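Protein chains: 2
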Amino acid sequence: MATRIVVLGGGFGGMYTARALRRRFGRKAEIEVINAQNYFVFQPLLPEVAGGSITPAHAVSPLRFVLDGVFVRKAVVDSVDFERKVVTVFQGIQRRPTEVSYDHLVIALGQGTDFSRMPGLEEHALKMKTLEDARRLRGHIIEQLEHAQVTELPDTKRGALTFTVVGGGFSGVETVGEMKEMIDRSLRFYPKIDPSEVRVQLIEFAPRILNEMPEPLADYAVGHLERHGIEIKLRTGVKSATHRQLVTTDGEVIDTRTIVATIGNAPLPVVQRMGLPLDKGRIPVDRTLRVAGHDNVWALGDCALIPLKEGASERTDFAPPTAQFAVREAKRVAANIAAAVRGRDLKPFAYASRGALASLGAKRGVANVFGHNITGFPAWFIWRSYYLALLPGIGTRIRVMINWSLDMLGARSLVQLKFYGKPPLRYVYYRAGDRIYNAGDRSDGFYTVISGSVEMERPDPETGETTLRVIGPGGHFGERLILGATRRKTTVRANEDCKVLVMNREEFLMLAEGFSAFREYFRPYMDKRGVTLPGGDEDTGR
Amino acid sequence: MATRIVVLGGGFGGMYTARALRRRFGRKAEIEVINAQNYFVFQPLLPEVAGGSITPAHAVSPLRFVLDGVFVRKAVVDSVDFERKVVTVFQGIQRRPTEVSYDHLVIALGQGTDFSRMPGLEEHALKMKTLEDARRLRGHIIEQLEHAQVTELPDTKRGALTFTVVGGGFSGVETVGEMKEMIDRSLRFYPKIDPSEVRVQLIEFAPRILNEMPEPLADYAVGHLERHGIEIKLRTGVKSATHRQLVTTDGEVIDTRTIVATIGNAPLPVVQRMGLPLDKGRIPVDRTLRVAGHDNVWALGDCALIPLKEGASERTDFAPPTAQFAVREAKRVAANIAAAVRGRDLKPFAYASRGALASLGAKRGVANVFGHNITGFPAWFIWRSYYLALLPGIGTRIRVMINWSLDMLGARSLVQLKFYGKPPLRYVYYRAGDRIYNAGDRSDGFYTVISGSVEMERPDPETGETTLRVIGPGGHFGERLILGATRRKTTVRANEDCKVLVMNREEFLMLAEGFSAFREYFRPYMDKRGVTLPGGDEDTGR
Chain A
11 MATRIVVLGG
21 GFGGMYTARA
31 LRRRFGRKAE
41 IEVINAQNYF
51 VFQPLLPEVA
61 GGSITPAHAV
71 SPLRFVLDGV
81 FVRKAVVDSV
91 DFERKVVTVF
101 QGIQRRPTEV
111 SYDHLVIALG
121 QGTDFSRMPG
131 LEEHALKMKT
141 LEDARRLRGH
151 IIEQLEHAQV
161 TELPDTKRGA
171 LTFTVVGGGF
181 SGVETVGEMK
191 EMIDRSLRFY
201 PKIDPSEVRV
211 QLIEFAPRIL
221 NEMPEPLADY
231 AVGHLERHGI
241 EIKLRTGVKS
251 ATHRQLVTTD
261 GEVIDTRTIV
271 ATIGNAPLPV
281 VQRMGLPLDK
291 GRIPVDRTLR
301 VAGHDNVWAL
311 GDCALIPLKE
321 GASERTDFAP
331 PTAQFAVREA
341 KRVAANIAAA
351 VRGRDLKPFA
361 YASRGALASL
371 GAKRGVANVF
381 GHNITGFPAW
391 FIWRSYYLAL
401 LPGIGTRIRV
411 MINWSLDMLG
421 ARSLVQLKFY
431 GKPPLRYVYY
441 RAGDRIYNAG
451 DRSDGFYTVI
461 SGSVEMERPD
471 PETGETTLRV
481 IGPGGHFGER
491 LILGATRRKT
501 TVRANEDCKV
511 LVMNREEFLM
521 LAEGFSAFRE
531 YFRPYMDKRG
541 VTLPGGDEDT
551 GR
Chain B
11 MATRIVVLGG
21 GFGGMYTARA
31 LRRRFGRKAE
41 IEVINAQNYF
51 VFQPLLPEVA
61 GGSITPAHAV
71 SPLRFVLDGV
81 FVRKAVVDSV
91 DFERKVVTVF
101 QGIQRRPTEV
111 SYDHLVIALG
121 QGTDFSRMPG
131 LEEHALKMKT
141 LEDARRLRGH
151 IIEQLEHAQV
161 TELPDTKRGA
171 LTFTVVGGGF
181 SGVETVGEMK
191 EMIDRSLRFY
201 PKIDPSEVRV
211 QLIEFAPRIL
221 NEMPEPLADY
231 AVGHLERHGI
241 EIKLRTGVKS
251 ATHRQLVTTD
261 GEVIDTRTIV
271 ATIGNAPLPV
281 VQRMGLPLDK
291 GRIPVDRTLR
301 VAGHDNVWAL
311 GDCALIPLKE
321 GASERTDFAP
331 PTAQFAVREA
341 KRVAANIAAA
351 VRGRDLKPFA
361 YASRGALASL
371 GAKRGVANVF
381 GHNITGFPAW
391 FIWRSYYLAL
401 LPGIGTRIRV
411 MINWSLDMLG
421 ARSLVQLKFY
431 GKPPLRYVYY
441 RAGDRIYNAG
451 DRSDGFYTVI
461 SGSVEMERPD
471 PETGETTLRV
481 IGPGGHFGER
491 LILGATRRKT
501 TVRANEDCKV
511 LVMNREEFLM
521 LAEGFSAFRE
531 YFRPYMDKRG
541 VTLPGGDEDT
551 GR
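Line order of the protein sequences matches chains A and B.
According to the numbering used here, the first sequence is numbered sequentially starting from 11.
According to the numbering used here, the second sequence is numbered sequentially starting from 11.
Rather than coming from a laboratory, the hints here were simulated on the basis of the structure.
This one's a predicted model, so the numbers in the text were calculated from it and none came from an experiment.
Certain hints may be false.
[Unchecked claim] Below, in silico cross-link-like pairs of lysine to aspartate or glutamate (EDC-like), each with a Cα-Cα straight-line distance of 20 Å or less: (1) B:Lys202 x A:Asp78; (2) A:Lys167 x B:Asp113; (3) A:Lys202 x B:Glu109; (4) A:Lys290 x A:Asp204; (5) B:Lys509 x A:Glu222; (6) B:Lys38 x B:Glu153.
[Unchecked claim] Incomplete in silico selection of chain B near chain A, CB under 8 Å: (7) Gln101; (8) Pro107; (9) Glu109; (10) Tyr112; (11) Glu156; (12) Ala449.
[Claimed, not checked] If you anchor each label on the Cβ, the simulated ranges turn out as follows: (13) A:Gly381 x B:Ser395: 35 to 45 Å; (14) A:Arg209 x B:Thr406: 29 to 39 Å; (15) A:Glu472 x B:Ala449: 51 to 61 Å; (16) B:Ala449 x A:Asp143: 51 to 61 Å; (17) A:Arg354 x B:Glu236: 32 to 42 Å; (18) B:Glu241 x A:Pro358: 38 to 48 Å; (19) A:Leu197 x B:Leu163: 29 to 39 Å.
Ideal placement from N, C-alpha and C gives every residue a C-beta, glycine not left out.
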């Protein structure tokens with residue numbers, strides 16, 4: 011029976027491993043790639059998708075196009091049983107688990123994020139890890155411009171026109187550059203926005219940005235970005251965030267409705283669940299890319315901790331989490347799996363970086379290639395060409411090159427394609443004093459206080475006097491407005507820093523209509539005002 | 011003070027009205043367009059977006075590009091106060107209402123849908139009215155192919171590979187043609203799908219499709235579609251739908267996980283709320299496009315009922331809801347508003363259709379132009395050219411023509427860009443006997459029965475015998491699984507046709523954690539099994 015090799019993950023590492031395995035084994039092995047999406051993402055190009063200079067479809071490649079002869083399964087990995095040599099996945103509408111058996115398993119799932127030490131960041135920041143993130147960011151930026159164009163509230167306008175990127179690594183630097191370019195080019199269509207009202211900031215905790223690159227290039231990058239109007243704050247981190255503000259570790263409060271977080275790498279939950287010991291949040295492998303204690307389990311890419319030499323201990327002794335390394339690791343792991351199957355010796359992974367490239371957005375970059383520093387457009391061009399060369403197959407490269415050229419010809423569009431709305435049930439952070447809603451606002455949800463407290467100010471309908479009520483954890487508000495009046499009479503503000511759970515109005519009404527216990531709970535709150543409840547089998551007057 | 015003219019809606023009607031007004035008034039009037047999206051959609055091209063032959067961004071044009079000198083407000087219209095001459099809108103995060111005053115108001119909001127007579131269709135069918143609909147459909151089709159590729163359940167595979175379009179008008183015919191083409195071209199990448207397993211159907215209630223076109227062309231269209239493997243069912247309507255089946259008016263039950271509904275036009279809620287009398291679901295206007303009883307309120311496009319002659323009574327005496335007519339109506343209403351402002355006479359709207367064009371998808375069409383019938387690629391080319399000519403401005407036409415050419419050069423991509431997931435709280439219809447979930451399935455939600463009833467089959471943990479329990483309206487199930495066990499022991503099926511409200515697992519847990527009354531309600535259901543509840547201020551053992 012043919013050897014079954016299953017690859018978890020279809021990024022640079024997983025996709026190239028599958029291709030290399032196919033070339034080595036031909037039809038003598040069954041090779042399968044399991045990925046949550048049916049496409050492979052050119053991750054370094056995501057900021058250009060966010061900036062609108064590449065259309066989303068041109069920053070990805072369908073896995074089926076580049077993995078001929080490999081079985082591609084679009085599914086979510088749930089768990090691995092190393093004893094039975096079985097991977098459990100959920101595919102389709104994801105209720106019935108499917109078991110996929112393997113003789114050899116390659117783990118190339120990448121990394122996730124963990125913002126738990128920065129309250130509010132998970133709920134209110136945008137990320138830049140997936141294609142959806144890039145599209146969401148672009149739509150979000152356009153939304154802020156549209157809002158700033160029509161709003162008459164100065165605070166709202168300032169928050170909408172302040173854009174903050176957290177993290178001065180490759181991703182953060184390229185993202186902030188692309189964002190600035192996109193905003194600059196769009197402003198002529200928004201006559202109510204003065205360019206001087208726009209602030210774009212980059213926040214980095216270390217003393218400098220682009221730590222992976224030689225200092226002269228990092229200095230050039232800082233100068234370039236600053237000349238383009240981007241404010242760079244070094245030695246600054248994020249303390250907490252709300253939907254309209256960011257608080258830095260210096261205690262500065264920035265009014266900003268756009269926070270892009272490119273920091274916080276952490277192991278994915280599925281990797282954590284595997285039960286393998288993790289080091290620095292990654293799966294330790296030996297120099298042949300084998301997972302310790304397993305003959306037939308391998309790992310590579312961002313999720314793996316790969317020593318580059320014997321006795322590796324410093325951060326620089328391990329392979330950095332870049333596409334350049336992942337592609338080389340893939341070749342090595344495929345060769346080693348073939349050797350293992352054929353009873354031959356395995357070889358260690360060895361690769362010395364050929365240099366580093368970073369885009370600064372807007373067709374400018376910095377590059378260190380074979381020891382030489384290059385800046386500006388030539389560096390960006392080398393950067394783009396490098397990633398083109400990293401794409402699998404001549405056919406793909408030609409197609410993508412055509413697409414990129416076409417994108418350059420086309421005008422950068424302003425269209426804000428609708429994307430994910432806010433989840434109907436979500437956590438929101440507020441800082442002490444923040445207004446949660448005002449008298450006169452339209453109902454927008456049912457709120458439950460998770461931590462902290464809020465203060466509700468209401469005019470007494472009989473006396474006309476204002477009463478104050480403090481609502482703490484477990485308390486709730488907003489239901490009266492949904493079930494009755496059309497405009498609020500109350501003003502609610504955060505008494506202290508707090509976290510609330512908000513369910514939007516449509517959901518609340520659906521649940522009240524369908525779930526009688528939920529509806530009945532609110533009856534006492536309604537009767538006082540003569541308000542009627544929706545749905546229900548009893549006669550409620552509606 | 012300059013005259014303020016506000017146009018509600020940025021489709022063909024609204025957008026061209028604003029352009030014509032700008033040309034007539036120059037700076038002497040303030041012209042404002044209010045639209046929910048910041049772009050204008052080439053609606054007839056939506057099926058080609060669904061089929062992937064045009065990228066979404068190439069089927070729209072940013073309103074700011076084509077409405078120079080016009081104030082564009084991205085906002086949702088809430089209501090109109092005709093006395094005070096004020097439109098109330100919600101912009102930005104949409105909680106504070108904004109009032110926009112006008113001297114003249116033009117209503118060009120288009121139409122909505124109403125599927126209320128066909129249970130399940132609203133919840134389970136896809137539409138083709140907006141750009142998001144087209145993108146969602148495309149992603150949905152690819153998802154079905156991906157699922158069919160990996161599933162081992164024959165029923166699931168059949169449902170995934172059966173695609174049903176309801177409505178044989180322009181939109182339905184073009185959509186079904188594009189879908190078939192896209193599926194056909196994709197199949198070579200899905201080795202586990204045999205082309206004979208794919209069924210694509212078009213369902214039309216009338217005796218023939220394309221009722222607006224001469225019968226010979228409709229016959230050609232039928233022949234063309236059938237030669238391409240599309241099954242056409244005439245004199246057939248929809249009775250009801252679930253997420254995996256469609257029941258026709260003939261009582262036939264079709265296993266299909268893709269239902270595209272292009273029928274069911276109805277007035278939008280915002281139009282209904284305006285309090286204007288509606289006729290045939292549209293706002294009646296006189297021949298000068300003025301709304302009856304108002305000097306300064308006008309309507310055009312799909313939302314208006316425009317008589318083409320005196321004593322109009324038959325359906326054909328009124329302007330059809332097409333782009334061709336909307337563009338001409340826009341010119342007339344702008345001229346009449348200018349006349350009204352300057353105290354001159356108004357002129358009636360008069361236009362005779364120049365012919366009809368329909369795309370059959372896949373670069374084939376039928377056309378009746380100046381009395382001549384044309385078919386095949388030439389007809390499709392004329393159709394495309396006509397819509398190119400309808401675009402506003404030379405610059406836009408050139409840009410779009412380049413984009414369309416580029417789309418034709420690029421390979422039709424298979425990438426399934428992630429789109430809207432299922433709403434976390436949604437209604438689902440089941441037919442008697444349908445299985446809702448099986449023992450062994452992973453928990454996927456908390457269910458409340460709205461109407462009908464379900465039957466739960468569970469093995470008694472002590473005796474091992476199977477018990478049956480019927481749950482009717484108001485009853486609920488699924489909570490135990492979310493709060494405790496990881497796999498179901500129960501099987502639940504629909505006892506009779508029923509409608510349930512499903513809240514997904516993540517939402518349920520968030521709400522249970524945050525809202526103590528909700529959590530406490532489920533405590534008695536949990537204690538019996540020694541299951542603990544999340545969150546809460548009391549010690550629940552977690």
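Going through the hints against the structure:
1. Of the supplied pair hints, the one linking Lys202 (chain B) and Asp78 (chain A) holds, its CA atoms being roughly 14 Å apart against a limit of 20 Å.
2. Proximity of Lys167 (chain A) to Asp113 (chain B) is assessed by CA-CA distance (about 28 Å); at most 20 Å being required, the pair is judged violated.
3. Distance hint between Lys202 (chain A) and Glu109 (chain B) is fulfilled; the C-alpha atoms sit about 18 Å from each other, no more than 20 Å.
4. Taking the CA atoms of Lys290 (chain A) and Asp204 (chain A), the gap is near 46 Å; set against the 20 Å cutoff, the hint is violated.
5. Distance check on the hinted pair: Lys509 (chain B) and Glu222 (chain A) sit about 57 Å apart at the alpha-carbon level, beyond 20 Å; violated.
6. For a cut-off of 20 Å, the pair hint linking Lys38 (chain B) to Glu153 (chain B) is broken: about 53 Å separates their Cα positions.
7. A cut of 8 Å between beta carbons decides the hint on Gln101 (chain B): the least distance to chain A is about 5 Å, and the hint holds.
8. A cut of 8 Å between beta carbons decides the hint on Pro107 (chain B): the least distance to chain A is about 6 Å, and the hint holds.
9. Taking 8 Å as the C-beta cut-off, the interface hint given for Glu109 (chain B) is violated, the closest approach to chain A being about 11 Å.
10. Given the 8 Å rule on beta carbons, the hint for Tyr112 (chain B) is violated: about 16 Å separates it from the nearest Cβ of chain A.
11. The interface hint given for Glu156 (chain B) is met, as the beta carbon of that residue sits about 4 Å from the closest beta carbon of chain A, less than 8 Å.
12. Residue-level restraint check for Ala449 (chain B) is violated (minimum Cβ-Cβ distance to chain A is 11 Å; threshold 8 Å).
13. Look at Gly381 (chain A) against Ser395 (chain B): about 56 Å separates their beta carbons, and that is not inside 35 to 45 Å.
14. Taking 29 to 39 Å as the suggested C-beta distance range, the pair Arg209 (chain A) and Thr406 (chain B) conforms, at roughly 32 Å.
15. Taken as a hint, the range 51 to 61 Å holds for the pair Glu472 (chain A) and Ala449 (chain B), whose Cβ atoms sit roughly 58 Å apart.
16. With their beta carbons about 38 Å apart, Ala449 (chain B) and Asp143 (chain A) fall outside the hinted range of 51 to 61 Å.
17. Checking the proposed 32 to 42 Å range against Arg354 (chain A) and Glu236 (chain B) shows it is violated: the Cβ atoms sit about 59 Å from each other.
18. In this structure the hint that Glu241 (chain B) and Pro358 (chain A) lie 38 to 48 Å apart at CB is violated, the actual value being about 60 Å.
19. Range check, Leu197 (chain A) to Leu163 (chain B): about 54 Å between beta-carbon atoms, so the 29 to 39 Å window is missed.
Violated hints for the displayed structure, listed by number in ascending order: 2, 4, 5, 6, 9, 10, 12, 13, 16, 17, 18, 19.
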